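First to last, the protein sequences are chains A and B.
Basically my numbering = 1-based index in the first sequence + 728.
Basically my numbering = 1-based index in the second sequence + 728.
These are calculated hints, taken from the structure and not from any lab test.
As the structure is a prediction and not an experimental result, all values here were calculated from the model.
Be a bit skeptical, because a hint or two may be false.
Which copy is meant is left open, so a pair is good if it fits within one copy or across any two.
Claimed, not checked - Derived pair list, reagent style SDA-like, types lysine to any residue, alpha-carbon separation capped at 20 Å:
#1 Lys-732 / Gln-930
#2 Lys-734 / Tyr-834
#3 Lys-734 / Leu-906
#4 Lys-812 / His-880
#5 Lys-734 / Gly-866
#6 Lys-783 / Arg-911
#7 Lys-734 / Asp-806
#8 Lys-783 / His-755
#9 Lys-734 / Glu-917
#10 Lys-732 / Ala-887
#11 Lys-923 / Glu-888
#12 Lys-923 / Pro-886
#13 Lys-781 / Arg-767
#14 Lys-923 / Ile-885
Number of protein chains: 2
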Amino acid sequence: MVRKTKAEAAATREALLDAAEEMFIQHGVARTSLDQIARHAGMTRGAVYWHFKNKADLFHAMLQRVRLPFQDLVEALDDPELVKKPLEAIRLACISGFEHLERPRYRRVHAILIHHCEVFGDIDPLAMQNEMAEESCGALRDYFHCAARLGHLRDDIPAELAAQLLQSMLGGLFHDWLRNYERFSIYEEGSRLVKTQLALMQAPPAE
Amino acid sequence: MVRKTKAEAAATREALLDAAEEMFIQHGVARTSLDQIARHAGMTRGAVYWHFKNKADLFHAMLQRVRLPFQDLVEALDDPELVKKPLEAIRLACISGFEHLERPRYRRVHAILIHHCEVFGDIDPLAMQNEMAEESCGALRDYFHCAARLGHLRDDIPAELAAQLLQSMLGGLFHDWLRNYERFSIYEEGSRLVKTQLALMQAPPAE
DNA sequence: AGGCATCCATACGCTTTTGCATGTAAAACG
DNA sequence: CGTTTTACATGCAAAAGCGTATGGATGCCT
């Protein structure tokens with residue numbers, strides 16, 4: 729086996745990225761060498777340097793195999809019917825996010841970004857986390873403001889505060905789950921938590 | 729300057745640990761060499777290898793300069809008067825934790841553990857985070873159960889669920905703040921969030 | 001005051017990893 | 001069908017970082 733067809737070459741590229749994900753999770757990004765990745769995929773560093781410029785390039789390619797979470801989330805929110813029920817829209821968006829996160833590759837890459845890589849070349853995982861948090865909190869704020877205008881939110885809870893509460897809760901749940909995903913399903917736990925939290929912040933039924 | 733007095737030697741040891749903290753935060757644990765730490769403290773690696781066995785030993789020493797957060801938290805809860813008001817006890821314990829976290833060394837070490845180190849020798853930061861989470865959630869559960877027995881908790885919110893909600897919220901806030909502590913004060917933000925969350929879960933006044 | 005232990009700098013060998021250069025056999029293409 | 005390009009494997013030089021051995025000047029003890 730020396731020269732592969734184009735399809736086989738693409739397959740080895742994916743295999744290298746798969747191997748990188750596994751090694752990064754097991755030993756951390758900084759402590760895994762390109763040789764370890766290549767061996768774990770059944771190849772040598774030659775294959776790595778053929779498909780990728782260097783370790784940072786491989787890392788980028790690994791990230792680009794998954795979409796950032798809020799690209800999915802905002803898609804889940806484009807139903808115009810949901811604007812009338814913003815709290816329900818938030819709940820469904822969260823559930824949609826949970827579903828996406830449970831896909832193994834999705835989960836692995838986020839676990840690497842958040843728990844198994846400190847800083848790396850031109851990519852700063854903390855900056856990426858900040859971007860994700862900003863995006864998330866911004867979307868939540870919009871929907872909570874909408875809910876407040878419609879009177880769906882308790883009047884003693886400002887929209888900003890509601891957004892911060894839910895944002896922190898989601899972030900904490902996210903981190904806890906990524907630390908040990910086998911302990912519970914983020915879909916089930918998250919659905920319960922979001923449901924009760926939204927119920928708590930919902931305006932009491934008019935009497 | 730060659731031989732230092734004992735006090736000076738102890739000072740250089742502290743200076744090395746300070747330098748390590750700063751370099752770890754700036755460049756991550758894995759990507760900072762002992763030489764960088766020594767130079768940043770105005771010394772050479774000789775000083776490092778005199779005071780510490782190796783990088784892992786230095787890391788341990790750095791950790792041992794701060795106490796783990798829940799050692800402080802449980803101390804804040806030993807007032808027997810607070811058992812009668814468990815929700816208030818939880819609030820005060822959180823506030824006490826926030827105060828401790830705002831001390832620079834405290835904050836730096838936790839930021840390193842959570843955001844700037846992947847795995848390192850015999851210490852696994854994820855395991856430490858899990859321990860902290862377990863300890864925190866356990867204490868919260870106890871107090872919420874106490875609150876439930878006293879009727880201080882809404883009867884549609886089980887104690888377990890209340891503990892999980894607050895635990896996730898605290899964790900998310902903690903991570904967000906460690907990512908960029910200059911944006912807000914965890915003491916102020918945390919106090920507000922905990923206060924409103926506890927108010928939401930509190931049993932409505934009897935009528 | 002003298003000897004010893006301390007505190008740190010310097011120097012050396014070693015391992016690991018990286019980046020590139022080269023080899024090569026088959027696939028792709030005209 | 002011949003040539004070129006592809007898709008790797010292999011080998012090599014260089015750098016970085018670690019651990020230790022050694023040196024050396026001074027504080028500390030008797």
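**Q.** Up to 20 Å CA-CA - Tyr-834 versus Lys-734, copy category
**A.** Answer is neither; intra-copy 26 Å and inter-copy 54 Å both fail.
(Q) At most 20 Å between CA atoms: does that hold for Lys-732 and Gln-930 within a copy, between copies, both, or neither? (A) neither (60 Å within a copy, 66 Å between copies)
Q: Since the copies are identical, ignore which copy is meant and state whether Lys-923 and Ile-885 lie within 20 Å (CA to CA) inside a copy, between copies, both or neither.
A: Both, since 17 Å and 12 Å are each at most 20 Å.
Q. Quick one: Lys-783 to His-755, C-alpha cut-off 20 Å, is that within a copy, between copies, both, or neither?
A. both (15 Å within a copy, 17 Å between copies)
Q: With 20 Å as the alpha-carbon cut-off, assign the pair Lys-734 and Gly-866 to within, between, both or neither.
A: Close neither inside one copy (43 Å) nor across copies (55 Å); limit 20 Å.
Q: Measure nothing new, just compare the shortest in-copy and cross-copy C-alpha distances for Lys-732 and Ala-887 to 20 Å and report within, between, both or neither.
A: neither (57 Å within a copy, 60 Å between copies)
Q) From the Cα coordinates, with 20 Å as the cut-off, is the pair Lys-734 and Asp-806 best called within, between, both, or neither? A) Intra 39 Å, inter 68 Å, cutoff 20 Å: neither.
Q. Within a copy, between copies, both or neither: where do Lys-923 and Glu-888 come within 20 Å Cα-Cα?
A. both (19 Å within a copy, 15 Å between copies)
Q: Could you place Lys-783 and Arg-911 in one of the four classes (within, between, both, neither) given a Cα distance threshold of 20 Å?
A: neither (32 Å within a copy, 32 Å between copies)
Q. Using 20 Å as the alpha-carbon threshold, which applies to Lys-734 and Leu-906: within, between, both, or neither?
A. neither (36 Å within a copy, 46 Å between copies)
Q | Intra/inter-copy verdict for Lys-781 and Arg-767 if alpha-carbon distance must be at most 20 Å | A | For Lys-781 and Arg-767, only the intra-copy Cα distance (18 Å) is at most 20 Å; the inter-copy one is 32 Å.
**Q.** Within, between, both or neither: Lys-923, Pro-886 at alpha-carbon 20 Å
**A.** Classified as both; 19 Å inside a copy, 14 Å across copies.
When held up to the earlier numbered hints, the structure conflicts with 1, 2, 3, 5, 6, 7, 9, 10 and fits the remainder.
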